[in-house]
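Required output: the full structure, derived from the provided sequences and hints.
Chain by chain, the residues run as shown.
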Amino acid sequence: MLELTNISKTFNIGDINEERLFHKLSLKVNKGDFICILGSNGAGKSTLLNIISGKLGIDRGRIILNNSDITKETESLRCQKISRIFQDPALGTVPSMTIRENLSMALNKGKSFDFSFLVNKKNESLFNELLKVLDLGLEEKLDSVVSKLSGGQRQSLALIMSTLTDPNLLLLDEHTAALDPKTSEIVMGITSNIIVDKNLTALMVTHNIEHAIKYGNRLIMIHRGEVLIDVEGEEKNNLTKEKLLSLFKDVSDRSLFS
Amino acid sequence: MNDFILGILLQGFIFSIMVMGVYITFRLLNFADMSVDGTFTLGASVSAILITKGCNPFVALLFSVIAGSLAGTLTGILNVKLKIKDLLSGILVMLALYSINLRIMGRANLPMFNNETIFPDSSLVNSLFIALILALICAVIFIIFFKTKRGYLLKATGSNEGMVISLGLNTGTIKILGLALSNGLVALSGSVFAQYQGYSDINMGTGTMVIGLASIIMAHSILKNIKQIKPSFLCIIGAVLYRASISLSLKIGFNPSDLKLVSCIIVILALFLGGKESSFKLKNFQLTKEKRQAGDLSARAN
Amino acid sequence: MVGKKHLTSLSKSLGLISFLVIITLFLNACSSLSSDSYQDAVSIGISQIAEHPALDSARAGFLDALKEKGYEEGKNLKLDIQFAQGDIALTTTIAQNFVSQKKDLILAISTSSAQSAHNSAKDIPVLFTAVTDPVYAGLVKSPNSPEGNTTGTSDLSPIAKQLELGKTLIPSAGKVGVLYSTSEVNSELQVNMAKEAAKDLNMTVIEIPVTNTTEFEPALNAKIKDIDFLFLPTDNLVASNMPIISKIAMNNNKAIIATEQGMVEGGALACEGLDYYRLGHQTGIMAAEILEGKNIKDIPVSMLEETELIINEKAANQLGINIPEEMIKRATLVKGAE
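Protein chains in written order, with my numbering: chain A, 41 to 298; chain B, 4 to 305; chain C, 69 to 406.
Calculated from the structure, these hints are not laboratory results.
Treat the hints with caution; some may be incorrect.
[What the hints assert, rightly or not] Chain B regions said to be covered by chain A (calculated; three or more residues, Cβ under 8 Å): (1) 150-164; (2) 168-181.
[As the list claims (entries may be wrong)] Once the Cα atoms are required to be at most 25 Å apart in a straight line, the calculated PhoX-like pairs of lysine-lysine come out as: (3) A:Lys188 x B:Lys233; (4) C:Lys365 x C:Lys137; (5) B:Lys88 x A:Lys181; (6) B:Lys152 x A:Lys112; (7) A:Lys162 x B:Lys152; (8) B:Lys152 x A:Lys121; (9) B:Lys233 x A:Lys161; (10) B:Lys150 x A:Lys188; (11) A:Lys151 x B:Lys227; (12) A:Lys151 x A:Lys161; (13) B:Lys233 x A:Lys181; (14) A:Lys181 x B:Lys227.
[Claimed, not checked] Restraint-style ranges between C-beta atoms, simulated for each label pair: (15) A:Leu166 x B:Asn5: 48 to 58 Å; (16) A:Leu166 x B:Thr151: 18 to 28 Å; (17) B:Leu73 x A:Asp154: 44 to 54 Å; (18) C:Thr400 x B:Leu85: 37 to 47 Å; (19) B:Val62 x C:Glu119: 34 to 44 Å.
No experiment lies behind these values; they were computed from the predicted model shown.
Every residue, glycine too, gets a C-beta built ideally from N, C-alpha and C.
So, in structure tokens, the structure goes:
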């Protein structure tokens, strides 16, 4: 589904602060993959997502999504096929609008935003169904303004909105990091259900090792701009926290000497 | 006394059209459009020159709206395509409009005393009626537009630009549309006001932005607790309130220049209180609130 | 938490203030109605665009003339003086208020105030003063037959006379710099008149337009060296900025010929001045006639016949200009600010 080939990205070229983050990074993501991305701070996790979504440009390399080359496409153009959820719950929805209005906007993605009315009674039952699944009581709050919801509720709503029109790729950027542990679990559960039900291809950046082990079919660890660990299938299923940490130690020690 | 109140309402309704325009940029789009001082006069000068040349005053209104929209588009292009900051784009257009308005009128002041305007006689009641109809038409168009998908897109752009991008859309064109719409309204207001006072003058737009913002904040602070009030009616009420406070102060004997100071203070408050949802102070407050409410979420799930 | 409380209480107080404003509005409006009706008092509304010496003198002259004719404030005259501080929209509000208060007569000082009054007060006589060209401003059809409810006095300065004065005092002058505000229609007219008059005197006009106070310095500095003397038409913006204008002119050793006394007192060398006090006085006489029953349509627009030669001796000395004896004899000498 997604193929990154020989991506190079250097920050502050020509400056004292020049930092070469990615050098010939390649990654292949298959359709239906749910990849958890781990890594230390500054390793390049969020930068990777930014590069894929188009928020950041690259110096060299190619990005191919669903067999078309999107390397030169603008962020908004890519967003027609890629959905993204951010760590800050305020970013995934329009806070000044109601849940109903937000869902209506998301439903219209890909279609023309013309002079017809946005809110349509016909969509009411659809919205009810979508929200019931979350089991958060949001279906009774369709008229509530989103800014009045809690962070967890907003992220859940953002998840629904971003997957409403079945994106080719879903990017999750530490989307539970700003939530408290209990809420974090709930939202992760919802995330996993949606991805599995719709058979979406997803990349999830997380700091939470338990989540990385529990969810997804593939796990990647990035260190200093390189993919050091890439496990999937059986190997991933058998991972434990200890195994993962020792793997990391091996690999990062090696890389120190390379 | 009756006339006194009628005069306030009349000026209020005329200015309310401008306030609706300012609401669109400052409040909805979160774009500080400084060009309105120039666009108000633009509407006036276009109508004045056309009317003195014999044009139908209602047709003149239409041309003023078009002129205003073009000016707004220019501000938008400066900001979106040339990447000039919003404040500066507006100021540049405002400066340019000074010269343009002088050229349009051919002089600094153009009287229409001998021409037909949309106000057929000097009867306050008739004039009030006409102004009210115009204001209501604008209000209705305002309400309908912001129920449409495009209208929502405009609101979303001001509230959370990232959201619009994630919908796969270009925020640039939307901003330009918003600016065109807003300045069209402001120019319309200027045209009506010029026809009301009987002449167009190069200086008549000075202070338009401050009047608009002050009107919005006055209405907002009084009507805060009435939830379902439509923004366009908020603008009408605010405009009337503002004119009322000016007329009142003149009656009491306040120096008009002190009034401008007070208006400025009100505007500073407006900008402080009405900031974006994701502005620094409010954002921090949100996260604290979430942590408290997170308890709700988990309790519910269990 | 504290932040939110603050916001709510701030908004609440704003709301309260606005509410009080409305209440007081009603009360005040009601009270003024009753106080207006003391016996036989004539109520006159004076609308002045801004405060500066010439306009203030005109107002003083107007009131003195009324006093001479028996109308005195506190006795049988109720005055309402409003300044618009340069704000056009305010002139309309002021005019509107005068109309709603049913004034017996309105005096409008300066063009914008006059235009707003003319437009709003269809049934109240409007007298203007300090308006340069009332026909151009749309106030009257022609000076001799106003044909409306508006008439008054014009302060059109005899531009030719001023330039002649300049040429007399500085015989070698060939280039005259005319400094004016682009926002004032009266100034445009005078600039054009200056161009015509200059031709007859073998001089050329160099225009120095400005749009606001801050532009005086750069605009003048750019052109001051190219001109032989500076001419100031009757222009409100210019009149309000004499200090900077005379400073730059003096630093460059250029004389200023002006059009009114206030300017000469502010540093200009000389002018064939219109006495604004007398202009206002003339208008006051008109007012008395109207109050006595004369139809405003029968009162043509008038101007002052004579001008007064006003000379600033100190400026003359600083510039090293020798003023002919006979001029000094007939002139009014003023000290000037610096």
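Check your understanding: Hint by hint, which ones does the structure fall short of?
Key -> Result: hints 5, 6, 11, 17, 18 break, sorted rising.
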